[in-house]
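K.L.:
Listed below are the residues making up each chain.
Number of protein chains: 2
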Amino acid sequence: METILRGPSNEVTIGPDLPTVIIGERINPTGRKVFSAELQAGNLERVGRDAQAQADAGAMVLDVNVGAAGVDEVALLPRAVQIVQDTIDLPVCIDSPNPDALAAALKVAKGRVLVNSVNGETEKLKAVLPLVAEYGAAVIALCMDDHGIPETPEARLAVAENILKQAQAHGIAADSILFDPLTLAVGADHRAGVTACETTRLIRAKLGCNLTAGASNASHGMPERELLNTVLLTLLIQAGVNAPISNPLVNGLAVRAVDLMLGRDEWGMSYIQTYRAKAAREAAKG
Amino acid sequence: METILRGPSNEVTIGPDLPTVIIGERINPTGRKVFSAELQAGNLERVGRDAQAQADAGAMVLDVNVGAAGVDEVALLPRAVQIVQDTIDLPVCIDSPNPDALAAALKVAKGRVLVNSVNGETEKLKAVLPLVAEYGAAVIALCMDDHGIPETPEARLAVAENILKQAQAHGIAADSILFDPLTLAVGADHRAGVTACETTRLIRAKLGCNLTAGASNASHGMPERELLNTVLLTLLIQAGVNAPISNPLVNGLAVRAVDLMLGRDEWGMSYIQTYRAKAAREAAKG
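Quick note, the sequences are listed as chains A and B, same order.
The number in the numbering used here is simply the position in the first sequence, starting from 1, with 1448 added.
The number in the numbering used here is simply the position in the second sequence, starting from 1, with 1448 added.
Accuracy of the hints is not assured; some may be wrong.
As the list claims (entries may be wrong) - Residues on chain B that point at chain A, a partial pick, calculated with CB under 8 angstroms:
hint, residue
1, Ala1603
2, Pro1671
3, Leu1683
If you are wondering where the hints come from, they were derived from the structure by calculation, not from laboratory data.
In this text, a Cβ means the ideal position worked out from N, Cα and C, and glycines have one as well.
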């Protein structure tokens, strides 16, 4: 099953055994004080720079989130999306808990957008699925619902099955959904990594859908987080995640290393190219 | 199936879902000019230091190889083994292509030894299996034979099956063999990582045996080899390798990271302990 996203003129295909697609997560004020302050002042200068830097580091889809405290996302999200797509010809992943902001961004975005996100909560399904259907978009679906995040892979699969059924009732096909198995902190639950990987395998086997995942939650509170993130990304991609949400400036080369070791990168062309871009970045920093 | 190795008084168990056992590879002159020269002069001072350093970094079995050009391994290998076991209470993995050197080392080693290695070559089987049987040792078996290294996982499994049959004819049980799927360079064959992992899965599924592997060959000629080795180690351990041969001073924390993400390290105790030992080492270096 292949999921196709589009930028102004560029097309990205997500599918099993294809090279892994990195959704660049950097345009997001969470944990970024300066960027938050800029957004609060309506200053979007950093958005274009972050888009360019992530594209140079190998991102093939760009997540756009402007959700800092006090920001009017309905006004700002579409502006940020326009800046991203004026800078770089890539599909965007519009990221907001506010359905009005999603609607405003969908109106201006070019190509086929990825919506971040829906989940199995009744209200969320009602608010987001009609928008996804109206704009012919794709959507990220988190494996949680009104009862929270299920503990077992089987229960997360059941949530995914329900979301798929609801989506199909809106005319949204299975190939338009990227499921997120959800990765919790291994420091709190030592089976968290296994549960995410097993959920991924179940969804891939039973629903055939493509998957996204963030790998950085799992290492929360642990030392050497980059190493842990590399290991978990490797396990998740091996299990079937093919469009992780990640910071390509940090994890881009690791994703290409996984593809190389999984036989998806003949002659190591993508790996070496990404290595050279990283080395050039580091040389430029001095 | 569990493989048990023993040091002078210590016991190490290798088995599915148990914590991954690192076989420390550092006591080996390959690529080490100073150590080679010392061995040629009969100087074994470094052997005890390397044993201690690897044990501190998390090795649970210590490979001992003294095969520098011009060295009399029959005389030197048993001496090196004694130094290792006088320094550290761990099982040894005696490593030589010379059956007489293996025999001499088996005579002096305490506990239950791992022999490195046999393979499917007729002469090799004839020379090594009787020694393994005589001393009740365990043995590493490489998936290659008189025809070289087979290309496909299925053909490597066939070699493993033949080795197992020959071993059993000598009274050596399946739980006394650690198969090595063999990892070639991805730069020469972009499927090399996949072939090693698939061979691992097949041997685990069909023979139930435990497995070792070296992960560093695969990255030959590529930049950022440590990242590639981490990724391949992750994939190999996930596939079923449970006693990789590795340098714990470089890859020890990565192996513990894999166990943590595979749910084999409650509270991350081993991971954090290994991290602290590594941080202390780096602080001591200044």
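K.L.:
Next, verify each hint and record whether it holds.
P.N.:
Right, here's what the structure says about each hint:
At a threshold of 8 angstroms, the smallest CB-CB gap from Ala1603 of chain B to chain A is about 17 angstroms, leaving the interface hint violated. For Pro1671 of chain B, the shortest C-beta to C-beta distance to chain A is roughly 5 angstroms, which falls under 8 angstroms, so the interface hint holds. Interface restraint check for Leu1683 of chain B: the shortest CB-CB distance to chain A comes to about 6 angstroms, inside 8 angstroms, so the restraint holds.
Hint compliance for this structure: hint 1 alone is broken.
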